[in-house]
Amino acid sequence: MSPRRTETGGRIDRLRTIRFTFDGASYTGHAGDTLASALLASGVTLFGRSFKYHRPRGLLTAGVEEPNALVTVLRGEVREPNIPATMVEIYDGLTAVSQNRFPSLAWDVSAVNQLGGKLLSAGFYYKTFMGPAIGPLKGTRFWMFCEHFIRRAAGLGRAGLAPDTARYGRMNAFCDVLVVGSGPAGLMAAKAAADQGARVILAELEPHFGGSANWSGETIDGMPAADWAARTAGQFEGHDNVRLLPRTTVWGYYDGNTLAALERVTDHKEIPGRGEPRHRYWAIRAKSVVLATGSFERPLVFPGNDRPGVMLAHAAERYANEYGVLPGERIALFTNNDSAYRSAVALKKAGAAIVAIIDVRPELSSEMRKLATKAEAEIFSGHAVVATEGGKALSGIKLQRFDMTSGALSGEARSVHADCLLMSGGWSPTIHLASQAGARAVWDAARQAFLPPKPTQRWIGAGAFTGSFSTTEAIAEGRAAGLSAAGGTNTQSTVPVVEAAPGDPDPAPVFEIKASGKSFVDFQHDVTAEDVRLAHREGFVSVEHLKRYTTLGMATDQGKSSNIPGLAIMAEALGKPIPEVGTTRFRPPFTAVSIGSLAAERFGDLKPERLTPMHDWHVANGATMYSAGLWYRPMIYGLAGETIEQAYVREAKATRESAGIVDVSTLGKIAVQGPDAAEFLDRVYTNMFSTLPVGKARYGLMLREDGIAFDDGTTWRLGEQDFLMTTTTANAGKVMQHLEYFLDVIWPELKVHVTSVTDQWAGAAIGGPKARAILATCVTGTAVDNAALPFMGIVHGKVAGVPVMICRLSFSGEMAFEVYCGAGYGTHVWEALIDAGKPFGLVTYGLEALGTLRIEKGHVTGAEIDGRTTARDLHLDWMLSKKKPFIGSAMMDREGLIAPDRLQLVGLISLDNRPPSGGAHVVEQLDEANPHDSIGHITACCYSPALGKYIALALVKGGKQRHGTRAYVSDPLRNRFGPIEIVSNHFFDPDGSRMHG
Amino acid sequence: MLITCPYCGPRDVIEFTYQGDGNRQRPQPASQDLDAWNAYVYERLNPAGDHNEIWQHSGGCRAHLKVVRNTLTHEISSAAFARGDHKSGARHKAEGKS
Chain A
33 MSPRRTETGG RIDRLRTIRF TFDGASYTGH AGDTLASALL ASGVTLFGRS FKYHRPRGLL
93 TAGVEEPNAL VTVLRGEVRE PNIPATMVEI YDGLTAVSQN RFPSLAWDVS AVNQLGGKLL
153 SAGFYYKTFM GPAIGPLKGT RFWMFCEHFI RRAAGLGRAG LAPDTARYGR MNAFCDVLVV
213 GSGPAGLMAA KAAADQGARV ILAELEPHFG GSANWSGETI DGMPAADWAA RTAGQFEGHD
273 NVRLLPRTTV WGYYDGNTLA ALERVTDHKE IPGRGEPRHR YWAIRAKSVV LATGSFERPL
333 VFPGNDRPGV MLAHAAERYA NEYGVLPGER IALFTNNDSA YRSAVALKKA GAAIVAIIDV
393 RPELSSEMRK LATKAEAEIF SGHAVVATEG GKALSGIKLQ RFDMTSGALS GEARSVHADC
453 LLMSGGWSPT IHLASQAGAR AVWDAARQAF LPPKPTQRWI GAGAFTGSFS TTEAIAEGRA
513 AGLSAAGGTN TQSTVPVVEA APGDPDPAPV FEIKASGKSF VDFQHDVTAE DVRLAHREGF
573 VSVEHLKRYT TLGMATDQGK SSNIPGLAIM AEALGKPIPE VGTTRFRPPF TAVSIGSLAA
633 ERFGDLKPER LTPMHDWHVA NGATMYSAGL WYRPMIYGLA GETIEQAYVR EAKATRESAG
693 IVDVSTLGKI AVQGPDAAEF LDRVYTNMFS TLPVGKARYG LMLREDGIAF DDGTTWRLGE
753 QDFLMTTTTA NAGKVMQHLE YFLDVIWPEL KVHVTSVTDQ WAGAAIGGPK ARAILATCVT
813 GTAVDNAALP FMGIVHGKVA GVPVMICRLS FSGEMAFEVY CGAGYGTHVW EALIDAGKPF
873 GLVTYGLEAL GTLRIEKGHV TGAEIDGRTT ARDLHLDWML SKKKPFIGSA MMDREGLIAP
933 DRLQLVGLIS LDNRPPSGGA HVVEQLDEAN PHDSIGHITA CCYSPALGKY IALALVKGGK
993 QRHGTRAYVS DPLRNRFGPI EIVSNHFFDP DGSRMHG
Chain B
1062 MLITCPYCGP RDVIEFTYQG DGNRQRPQPA SQDLDAWNAY VYERLNPAGD HNEIWQHSGG
1122 CRAHLKVVRN TLTHEISSAA FARGDHKSGA RHKAEGKS
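Residue numbers (our numbering), protein chains in the order written: chain A, 33 to 1029; chain B, 1062 to 1159.
Just so you know, the hints here were simulated from the structure itself, not pulled from any lab data. Just to be clear, a hint being listed does not mean it is correct.
With a cut-off of at most 27 Å between alpha-carbon atoms, the simulated DSSO-like pairs for lysine-lysine come out as follows [what the hints assert, rightly or not]: (1) K319/A x K1127/B; (2) K406/A x K381/A; (3) K766/A x K1127/B.
Let's have the full structure, built from the sequences with the hints guiding it.
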């Protein structure tokens, strides 16, 4: 028999023994045990080392709010740190280790930090790590060097480096009533709502439904409360309208009654079931929510309140009643309220000796005296614990007479031998979700607690959550809340009868016993009462500042046990009542959430891939693909042994000498159709489209409402009311939304439909001196000579039996044609064009050569239409019609947009025959040590085979006025400095003779 | 946050794209009143409470909606077609009744 396990009792399966290891040592427990209860049963008192001082720490609680006993669970190579041992269900083979200790939990070298405790007070880091301001280390990175070691000493668990192999899932759920918490209130709410026929979800963060009923020792409907809870929950099984979610923490309450929950599906299993995810993230949309989340017991703040063996009273009661474990043999209780007396009776019944009940209140009710007598406990009313003794386990406590109104201690300190001290500082309703949902909590002076605010969303509270701490009230409120949430009316009916210990729910307003020694407020972050007062002395008034300065409530437990005591101590220091100091608002998540569950199935590369119809051909023919937004496009079609530069120079050169073909299927394509299509285009483009004849295309420019250039492209008039607009690849979606917005919101009277047809057309641009000859050999059904197909003309014909639409337009500066066909025929037509081009030396070219050809011509793309440039900046002012208003026309002439010193498009030639880079700055005076006074920047650059030089496009102040002058490229990031000449952006064939040809 | 598209029904906010302040009044296209244009392009209300907004159901029917959203609670008190009498919306309602 384990040293602390009771002979009988508890809701564990004593016939099933489970073996696990903690810090390398083997232990056993029973089915139904948590890691905390099984270790406690085995006599373990030391569970962890504290955050700053490395003080030995034991269990404070039995539940989700545990601040001390944090462990790391190992599964193969995967580590999961910072899990409360109280929330780990044991299974055969469980391997857990303690945290924040070196070399071992029992012998921890950093425990020496306790001696220097004064140095590590609140704000230590802020005050210390300002960097040495004087002395030999001034201006050095000495503190950053030290920080490395300090960070190692302080802290919690260590995350692993091994990839998480577990699967995670995500579910969207909808219900009429979501009940959060399955104590008596939650169970009654779920039952009442389900009986009304409502779709109910009941979420419980523990493995078993029942909440406090599982350990309260009370009687409901004549049976042990735990049996009543099991029976009530069992009645839901098989009901289609009730979904039970055990091991599920509702951790976030968001807009529109959307709640987030985490279901721990397999953490308690040795081997997960087939296909089961480890965790499941639930996004629940609930018409109504019943919050029956109960309450947390508060610790009292007194010297040595963190010693292993000091525990919350209800936690000890729970270990005894639910797990059959006694946390001590000689137990003392220290309380400011009645609830601890019930705990004393329960522990006495389980076999412990209750050596003392120390109550800060001078007067006790006769009922409490009766309970104390039942527990055979000596009562010390009007007393307080002023010290605890012992090392890794408690050996004794000291008490003194205590005056509740003044807080003064008096008389001789008296020692009591005890191996366990239970404390109860009153109860705080678990209002986290209500706080997340909106309004501020309200301080209740009687309960000495923040009660839930008025609902700002559709939720109803029930039970201890509302400050109604008795089970009788919980049952009545739960039933009423469930009925109301399901839209039912409250009818008289018999409700379960509760037999429970009596007790006044209101505690005495005592939070702290001031005596010498470290009194902890926040156990997990090692924040003491003195730290809170220090923050006050240093001028921190707001509770928000207090929190950040002392880090009170900022650990993984988010202050579940420390917020109210901390606030009370701050209020006292400020001389203000607690409600005037206020409380911080709770934010999601209620407890830690695995990142994996948030991602669920969505991990890896989440971008959809857009592939052109000719994608497979490109890959099969040696293209190096390049990701451009969501699209994949050929960058180069490299030959063996070629560098990228050699490949694109060869492709661009061949295009200018004979012909080249490039896949342009990625261009945005929008069908603009309807009686008012031409009028609409006149409004959205800066230039005229209503005058464009059918069968012709025109280059168009769009501005934003503020007069800045937005996008460019050609638009083809296919019919009187039928246009095909092309956009840049990158802006296709934005232009579509822009057009839809104006048609839907601004000009609903225009009869125009816009349809994205990007994916319906495959496009190939074929350009070069021999392009027309190539088309002539393969296009049927139309002539392609200058008369039939002039510059910007459109013809319809066939290539290899497939209908095509050909427009003669040029981005490369060569005589060029864009051949469009249905997307499904893309590869077929492409291959036919390649075959036709073979005798003419046709090459395929990629994005790099495309860029080279356009830079040589000085055409703009997204690099120059960058959201800051105007049409004038890009020398496109010839496109600004004066005959009509258009989007941006009113705003484009504002003073700042026509200023002469704006950045304007120019060309650059590298004078040292080395390539500059995009993003590099242009300067008048070269100063490599201290680069300054940029006059602009490079937007695109390449080696130009046509010029035999490295050239670039740039946006430079003053623009044209600098043509023919010298400047420098200044690129300190890439250490590239050198002379350049500023020239026109039209490097090659400025009069366009080649494309008009 | 759910927005009830008059055509598609209640849908999650991820299906929608915010398209700006619904209070903006665009001047007549030919207007040269720079103050009016300035107000339209740049000036925005920032109410703590109900706010008129334009949302596009970009992941659905692509209609633009006039939405009244409370900036304090995210409560949406109305969502209607920005075009006003949207024929497809009327048809949807009629079908719903039949």
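Checked hints:
At most 27 Å may separate the alpha-carbon atoms for a hinted pair to count; K319/A and K1127/B meet this at roughly 25 Å. Of the supplied pair hints, the one linking K406/A and K381/A holds, its CA atoms being roughly 9 Å apart against a limit of 27 Å. With a C-alpha separation of about 20 Å, the suggested pairing of K766/A with K1127/B holds against the 27 Å cut-off.
Every hint from the earlier list agrees with this structure, and none is contradicted.
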